[in-house]
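Spelled out, the chains give:
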Amino acid sequence: MELDIIQYDIDPETKRRLRMVLQNLLNKTSASVIILTDDAGRIIDIKGQKEEDLETEFLATLISGIFGAAVEMGKILRMEDLEVLQYESKSMDVVIKYIRPRFLLGIIVGKGVALGTVRLFLKEAGEELEEVLEKAEMVPSKQIKIDIKELEEKLNRVLGGPYEA
Amino acid sequence: MRLKIVYFGSSLAGKSTNVKKLYEILREKNLTKGDMVVMETEEQRTLFVEMFVSSINIDGYEFELKILTTPGQFRLHPLRKVIMKGVDGLVFVVDSSKEREKINFLVMRETAAVLKEQGEDLLRFPVVVQYNKRDLPDAMEIEDMQVRFNPWATDYVPAVAIRGEGVLETFQKVIKNILVRKYAGNTLI
Numbered sequence: 001m002e003l004d005i006i007q008y009d010i011d012p013e014t015k016r017r018l019r020m021v022l023q024n025l026l027n028k029t030s031a032s033v034i035i036l037t038d039d040a041g042r043i044i045d046i047k048g049q050k051e052e053d054l055e056t057e058f059l060a061t062l063i064s065g066i067f068g069a070a071v072e073m074g075k076i077l078r079m080e081d082l083e084v085l086q087y088e089s090k091s092m093d094v095v096i097k098y099i100r101p102r103f104l105l106g107i108i109v110g111k112g113v114a115l116g117t118v119r120l121f122l123k124e125a126g127e128e129l130e131e132v133l134e135k136a137e138m139v140p141s142k143q144i145k146i147d148i149k150e151l152e153e154k155l156n157r158v159l160g161g162p163y164e165a
Numbered sequence: 001m002r003l004k005i006v007y008f009g010s011s012l013a014g015k016s017t018n019v020k021k022l023y024e025i026l027r028e029k030n031l032t033k034g035d036m037v038v039m040e041t042e043e044q045r046t047l048f049v050e051m052f053v054s055s056i057n058i059d060g061y062e063f064e065l066k067i068l069t070t071p072g073q074f075r076l077h078p079l080r081k082v083i084m085k086g087v088d089g090l091v092f093v094v095d096s097s098k099e100r101e102k103i104n105f106l107v108m109r110e111t112a113a114v115l116k117e118q119g120e121d122l123l124r125f126p127v128v129v130q131y132n133k134r135d136l137p138d139a140m141e142i143e144d145m146q147v148r149f150n151p152w153a154t155d156y157v158p159a160v161a162i163r164g165e166g167v168l169e170t171f172q173k174v175i176k177n178i179l180v181r182k183y184a185g186n187t188l189i
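Going line by line, the protein sequences match chains A and B.
First residue of the first sequence: 1, per our numbering; consecutive thereafter.
First residue of the second sequence: 1, per our numbering; consecutive thereafter.
Warning: the hint list may mix true and false statements.
Taking lysine-lysine pairs in the DSSO-like style, the calculated list, with each CA pair at most 27 Å apart, reads [unchecked claim]:
#1 Lys154/A / Lys142/A
#2 Lys154/A / Lys20/B
#3 Lys142/A / Lys116/B
#4 Lys142/A / Lys102/B
#5 Lys85/B / Lys33/B
#6 Lys15/A / Lys111/A
#7 Lys135/A / Lys182/B
#8 Lys142/A / Lys123/A
#9 Lys85/B / Lys123/A
#10 Lys85/B / Lys116/B
#11 Lys182/B / Lys15/A
#12 Lys20/B / Lys142/A
#13 Lys182/B / Lys33/B
#14 Lys75/A / Lys116/B
#15 Lys145/A / Lys20/B
#16 Lys154/A / Lys29/B
#17 Lys123/A / Lys135/A
#18 Lys116/B / Lys33/B
#19 Lys28/A / Lys15/A
#20 Lys15/A / Lys98/B
#21 Lys20/B / Lys98/B
#22 Lys142/A / Lys98/B
#23 Lys149/A / Lys29/B
#24 Lys154/A / Lys116/B
#25 Lys33/B / Lys15/A
#26 Lys182/B / Lys85/B
#27 Lys111/A / Lys28/A
#28 Lys135/A / Lys33/B
#29 Lys182/B / Lys116/B
#30 Lys154/A / Lys98/B
#31 Lys75/A / Lys85/B
#32 Lys116/B / Lys149/A
#33 Lys28/A / Lys123/A
#34 Lys90/A / Lys123/A
#35 Lys90/A / Lys28/A
#36 Lys145/A / Lys116/B
#37 Lys90/A / Lys111/A
#38 Lys123/A / Lys75/A
These are calculated hints, taken from the structure and not from any lab test.
Throw the hints in and build the complete structure from the sequences for me.
This is the structure we're talking about:
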């Protein structure tokens, strides 16, 4: 049996608009990193110093994990819907904002920027992102056809077969 | 394509051992991206998650695989729910010890409930079952375990994860099962 594996991506116009919102937020807040991720920790877009950094994947997972854990705590405490999560350290602050329907915007800023200001700009950016994401379309970006046997053989070749201690 | 693979199972079944061994094996083959993140308690029990990212290329098609564990201890149930969010495929690590039979089953039931909250059905999900700790003297017979812990009739792998046995095979099978489930309609795996 043949598998028709298709990779989907956000349409280019939505991508462009998302980047613009993140860039504006970066300019206004001088953030070191801004990450837009889905609630499962998959990066949608990233701006700032860590764009090419391998650790961003972990950052995205932890942003979604921390926010998810706070939501679970909120359920136990019967809190209203959690919108913003914020924590501070001596050198930097992190603010995570929920973006409907299932996204998160994380921003990491140095101590030179007032948190109130960051939250204000984050609120504006959040509203813009929600508007953009509402109209987002997924378009096919890559496709391969492969049968299951061939897939198994290729996985075996790439991963190197059974491990021997 | 980005895929999220989660290892679940009872506490001390060997989830962390699997993921740590897998990381070592894939790192040797230059198939990892960055380090492994470990968040554990002082007793080396998983507190939140262990995770790493692997990148493999098939016919010029890049698969970015995020591999995570769930914490096994009962009290960490809320964190298991968080880790499971948006998962693409699961590895069910089953402790072969006879005395862990009941707890293995309870974990399966809890995982079904967690996925149901997310609108998913565990029985229709891409899963690989790994029967770990096959070297234990009281290890149950595979046939008995199949009846109890493999309601999917999916691939299973006997393993001794601490020695690396069965670790890579499990990983290969879960990738295959995810892709088959996603791209071959209602095919039985």
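**Hinted pair Lys85/B and Lys116/B, Cα distance within 27 Å** = OK: Lys85/B and Lys116/B at ~11 Å, within 27 Å.
With a cut-off of 27 Å on the C-alpha distance, tell me whether Lys33/B and Lys15/A pass. 25 Å, holds
Note to self: Need the status of pair Lys182/B, Lys85/B: alpha-carbon distance at most 27 Å?
What the structure shows: 17 Å, holds
Is the straight-line distance between the alpha-carbon of Lys20/B and that of Lys98/B 27 Å or less? The given pair, whose Cα atoms are some 25 Å apart, holds under the 27 Å limit.
Note to self: Can you confirm whether the C-alpha distance between Lys154/A and Lys116/B stays at or below 27 Å?
What the structure shows: Not OK: Lys154/A and Lys116/B at ~33 Å, beyond 27 Å, violated.
*Taken at face value, is the distance from the CA of Lys116/B to the CA of Lys145/A at most 27 Å?*
Violated - the C-alpha atoms of Lys116/B and Lys145/A are around 32 Å apart, more than 27 Å.
Check whether the Cα positions of Lys123/A and Lys135/A lie no farther apart than 27 Å.
19 Å, holds
Holds or violated: are the alpha carbons of Lys90/A and Lys123/A at most 27 Å from each other? With Cα atoms ~24 Å apart, Lys90/A and Lys123/A stay inside 27 Å; holds.
Lys15/A paired with Lys98/B [C-alpha distance capped at 27 Å]: 53 Å, violated
(message) For Lys75/A and Lys85/B, compute the direct alpha-carbon distance and say whether it is at most 27 Å.
(response) Holds, at about 16 Å.
(message) Checking one constraint from the list: CA of Lys85/B to CA of Lys33/B, max 27 Å. Satisfied?
(response) OK: Lys85/B and Lys33/B at ~22 Å, within 27 Å.
Exercise. Are the Cα atoms of Lys15/A and Lys111/A separated by 27 Å or less?
Worked result: 30 Å, violated
The structure shown violates the earlier hints numbered 3, 4, 6, 8, 12, 15, 18, 20, 22, 24, 28, 30, 32 and 36.
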